[in-house]
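J.: Here are the chains, one letter per residue:
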Amino acid sequence: MDNDPRQITQLLKQWGNDQARVREALMPMVYEQLRRIAARQFAGEGGGHTLQPTALVNEAFLQLEGSTLDFNDRRHFYAVASRTMRRILVDHARARKREKRGGDRLRVTLSDGNAVSDAPSADLLDLDQAMSELEQHDERVAHTLELSYFAGLTREQAAEQLDVSVRTLDRDLRMGRAWLKARLA
Amino acid sequence: MSAGDWKRLAALFHGALEQIEDARDAWLASECEDDEILQQVQAMLAADAEAGDPAEELVAATLHDLTSGGPGVAGKSLGPWRIIDELGSGGMGSVFLAERADDEYRRRVALKLIRGFPDPASLDRLRAERQILADLNHPNIAAMIDGGTTDDGQPYLVMEYIEGVPVDQWCKETLPSLRQRVALFRLICDAVQYAHRNLVIHRDLKPNNVLVTAEGRPVLLDFGIAKLMQPDSNEPDQVTRGARYYTPGFSSPEQLAGAPVSTASDVYSLGKLFELMLAAGRGATEAAPQDLQAIVARATADDPVDRYSSVEALAADVANYLDGRPVQAASRRLGYRAWKFVKRNRLAVGTAAVAAVAMLGLIGQVVVESQRSREAEAQARVEAANANQVLEFLVELIESAAPGEARGEDVTVMQVLEQGRERISAEAIADPALRVRTLFALGNVYSALEVQAPAQELLAESARLARELGDVEEEVRALNVLGVSAVLVDDRELADEALRRAAALARAYPDIEAGERASAINDLGLMMIYFEDRQRGRELIAEALTIREEAGLAERRVATSYHNLGVAERQLGNYREAMRFYRKALEIKARTIGRIHPSYAISLRGLGKVAAKVGEWELRRDSIDEALEIRLELFGPDAPALHRDYKDLADLHSDMGRFEKAIETYRRAMDLDSAAVGGGSNEWLFADHIGTAYKGLGLPERAEERYRHSIDLREARFGDDSATTAQARHNLAWVLLQQGRLEEARSIADRVLEVRLRELGEAHPDTIASLLLSERIDHAGQPSPDRLDRIAELISQLAEARSENSSGVLAARSAFVRMLLDDGQTERARAEMETTIDRYRTRLVEAHPLAAALELDLVRLDLLEDRTDSARARLEAQRATLLEAFPEDSRHRTKLACLDDGNTDPACWR
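Protein sequence lines correspond, in order, to chains A and B.
Quick note: the first sequence uses my numbering, first residue 1, plus one each step.
Quick note: the second sequence uses my numbering, first residue 186, plus one each step.
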C-alpha cells in the first residue's frame, strides 16, 4: 500500500503507451489513495471543517511529488483523479441506496432515536447520469464540470488542464452548470 | 439532441446572456424557431439566474455523508451519551455535541467518533489521542471525560465541551488591549509547555484549535494528530516523523516538507498564532510594538535552529515584554525583519496603485490644459498631444500592473474612472467646450483599457457635442478614437460610420491640425486592413504618411506611418517591402523616443514576424529577444501585455522544433492574456498555434482538436468567410490529410481556397499554399506523376514568395519527398531529402527534430533498397534526438518502432 504513490507515478509515465490501459490501471490505485487520505484528513482537521474534494485530490497529488512528474503527468493525474472521485461518490451513493432498502448494517451501532432525515445521496446518481448525458453532447464541457465538481480545480488549473483559456473555461462552466441545473430541476 | 442542436443551444445561451435581461425573450424569439430548443434555453437561463449550484451541493453532501457515516444522527445514543448536534466532521468521522442521556444536570460534552472508512491507522490514532489526553490535566487543555468502545469495537472519545470561539475571532470581537492579548498568549504558551513536559507535541496549533471561553479562558483542543515523544530515546531534542498533516499558514516549514517534527514546530505555530492575535481586529496602521514583532520573527524563523529553543524560552521572552524588560529577540535579525516587511508589502505598494493615482492626475491635467487652451489655443494643442502620448504609456502601465491573481486591483483603476465619469455628469463642467475635451479624455482612457462600452458612450457624446459647437477638430479627434474602439469589438457599422466621417472631415477642413487629419485617414486605413480590404487600406496609410511628412510633423508620428505600412505590406504578402518599412520605423523611433519604449518594441515584433515568413531566422530571434528584453524592462515579468512577446517566443520555439517548450510558452502567453483587463480575447490565435506545435510533435489528433477550437472562435469573431478563419481551416485540412481523412480534408481545403482567391488574390503566398494543399489531397486520393510535377512547381512558387528556409516551405518539401518515395522515385526522393534535411540543420537549427524525422524516411529508403547496414547506422544516429523530441504516442515514434522492426509499410505508422 505504501508503494502506491510510486506505482502511480510510474504508471503516469507510461501514459503515452496506451491511455485506456493506463487509465484503467490507475483508477483503483488512485481510488485507494483518495480513500486513505480522506481517512487521514479528518484527523488533521478535527471538527468545524467540511471536507472538500479539492483538498483530497491536491493532497493525493502532493504525495506523488518529489519524484519526476512533469506538466503532462500532472494533467493526466488530475484527469484520472476527478473521474475516480466521481466513481467513489457514485459507489457510495449506490451503497447508501441499498442500505436504505435494508441492506448492510451500519458500521457503528447507534440505537434509534428520533427522526432520521432523508439521505441526499440518491440524487448523486441522477447527477452522474446527467453528466454522462452531457458528455454525449459536449465532451469538453462535461470534463470541465467534472474537474470543477469532483477535483475542485480552480478555474486557472482547469483551463490549463483542458488547454483552453480561462475565458473559454468560464463560458463552458456557465453553460454546463445551467444545463445541469435545468436538467436536475 | 444532435451535435448541431447542441451547438445551436450553446450559441443561443451565450448570445442571450449578452442581451440585457429584458430583451432576452424577444431576442431568442427572433433567433430561434425551434420550440424545443427555445424551451431548453429558457430553462437554462432561468437556472443560470438562480443562486446556488445543486450539483456542487450534492457532491459536498455525498462526500460528507461518505466521510462522516451519514446524515441525521441527532437524537441517537451511544452508550450513556445522547447526540444533540454535529459540531463538525472530516475525512473519517465526526465530532458531536452530546449530553448524558440519564443525566439530571445535563452536562454537555464533545463526542468524537470514527465512522465511515474502517481505516486501522485512524483507529490507532484515536486510541493514541485517548492515551495522550488521559495523561494531560491542565486548566487550559480540554479534558477527557470518558472513553469507550462501540459494540463493533470502535473507540470513541468524550471530552469537555468548550463553549468558546477561536482565539482570532475572540480578539476581533472583544477587542482586548495589546497587553491583554499578550497575557492571553502567555497562558496558551503555558498549556503547550505543559504538554511538552508530558512528552506530547501538539503539531496542529491554529486558531480553530485554541478556543476562548466567555470568561476569557483559552483552551487547547484537538490532540488528534499530536505525537508522543519516545521517553527512552537518547536524542536531546525529541523528534518524530509523522504523516504529512499541516495547516497552511501555521505549520512549520519542516512539517510542510514532511521532515521530522519536534517541539520547535509547535514554537513556530505559536509564533504564527501570536502574530495573528496581535493583528486581529486592529487597523493596518496600528503595527505591533517592535519588541513583539521581534518575538514573532524569532519564533517563526524558517530554520528551527534560529527559533526559541523551547516554548519555555518563548514564554519567558513574552514575560520579559510584560514586565518591561528588554526582549531577547529584539537584539537579533533586524535585517531579516526589514526584508520580511518589504516582501510582505511589496504588492501593496506596487504599480497598480501608482498607476491609478497617476490616472487621476492625468484626468485633472487634461481638464486644466483644456481650460488654459481657451487662452492659448496653439500651446495647449501641443500639450494635449503630449498628454495623449503620456496616456498611451500609462495605459500599458496599468495593463501591466493588473496582476493575474489580484484582479481586485483592476477595480481600483475602474473606480478612479467611475469617479471621473461622475465629475463630468455633475454640473461642475457647465462649459460645453471643456466638457467635450473631458468626455474625450475619459473615453480615451476607457478605450485604452479596452472597456469599450462606456468608452464609446463617452466618445460619441464628445463628438456629438463638438459637432453642436462647430468644433470640427475636436469632433474628428473623438470620432477617431471611437472608430478604433469599434474596430476592436468588431462593430463594423459603428467603426465605418465614425472613421469615414472623421476622414471626410479631415479632407474637407485643411485647417484642422495636420496630425489629427493624418490620424483620421490612417485609422480608416487600419480599419480597412483589419476588415480585410488590404489594398485600399495601404493607400490610405500612404496618404496619411504624406500628410505627416509634408506638414513636418514630429518624426515620431511619421515613424508610426511607416510602421503601419509595414503592417499593410505584410498582410498583402509583400514581405520584403514590409521589412523595409519596419526598419525605417525602427530607425526613426530609436533616434526620437529611444529603444526602451513600447512603441519601439511593437515595430520590432512586426519585423520579427516578417523575418519568420522569409526564413531569416537570425533576425527573427534577435527581434524577439530584443522586444522581450525591452518590454520586460518596462513592465516587469508578470505583465499581461507580455502575452504578445511570449507568443512570439513560442512561435520561435515551434519553428525551431522545440514543440513542447513552445506549448508551454503559449500557455504562459494565454494565461497572461487571460489576466489582462477584459482578457482572454486572443485565444483564437493561441489555439491555432498550439495546434501547429502538436502537429510538429506528430500528434495530429491533438492538433485537430486545437484547430477546431480556433476555428470556432475565429468564426464568432471574424465571420465564416474571413481570411483569418481560413488560416485555421487550412491547418485543419493539413492534419486531416495526415490522418488520411481525404473527403473531410478536401471539402475544407476547397472552401479555404475559395476564400483566399477572393480575399487575397491568386498571387498571395497563402493562396499558393492552398493550391498546393489541394493538389496534395488529390494526389493522396489518386496519385499521378503529373500531380507530382504540379506540386513541385507550386512549392517552388511558394519558396519564391517566402523563402526556401521558411518552415512552411520546409514542411511542404518534407511532405513532397514522402510522396516521391511512395511513388517509387527513389533517386529523386533521396536527393530532395538530403537537401531538405540539410536546410533544417543549417538554416534553422543543427538538432532540428523534423530533420531527424526526415532521416527516418531515408532509413525507409535504405531498407527498401536493401542497404540494411546504412539503415541501422542512421537509426542509431537519430534515436536519441527522436526519443528526446517526440512523446511516446507521436507518429514519429511509431514510425521509429516500425522501422526498428524492419517494417517499411507506411500503413504501419500513418
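No lab work stands behind these hints, which were simulated from the structure alone.
Errors might be hidden in some of the hints.
Have a look at the derived ranges for each label pair, beta carbon to beta carbon [stated by the list, open to error]: (1) A:Asp70 / B:Leu942: 24 to 32 Å; (2) A:Ser132 / B:Asp190: 12 to 20 Å; (3) B:Asp823 / A:Glu135: 35 to 43 Å.
Stretch by stretch, here's where chain A covers chain B in the computed footprint (C-beta under 8 Å, at least three residues) [as the list claims (entries may be wrong)]: (4) 192 to 205; (5) 222 to 235; (6) 740 to 747.
If you're wondering where the values come from, they're calculated on a predicted model, not measured in any experiment.
Glycine is no exception: its CB is placed at the ideal position from the N, C-alpha and C atoms.
J.: The structure should be examined with respect to each hint, and the outcome stated for every one.
T.: Hints, one by one, checked against the model:
A hinted range of 24 to 32 Å is violated for the C-beta pair A:Asp70 and B:Leu942, which are about 45 Å apart. Against the hinted window of 12 to 20 Å, the Cβ-Cβ separation of A:Ser132 and B:Asp190 comes to about 18 Å, which satisfies the hint. As the Cβ distance of B:Asp823 to A:Glu135 is approximately 36 Å, the hint placing it in 35 to 43 Å holds. Coverage of the segment 192 to 205 of chain B by chain A holds [criterion: at least 3 residues with CB-CB distance below 8 Å; count 4].
With 8 residues having a beta carbon nearer than 8 Å to a beta carbon of chain A, the segment 222 to 235 of chain B meets the requirement of three or more and the stated coverage holds. Taking a C-beta to C-beta cut-off of 8 Å, the segment 740 to 747 of chain B contributes 0 residues in contact with chain A, too few for the three needed, and the coverage statement is violated.
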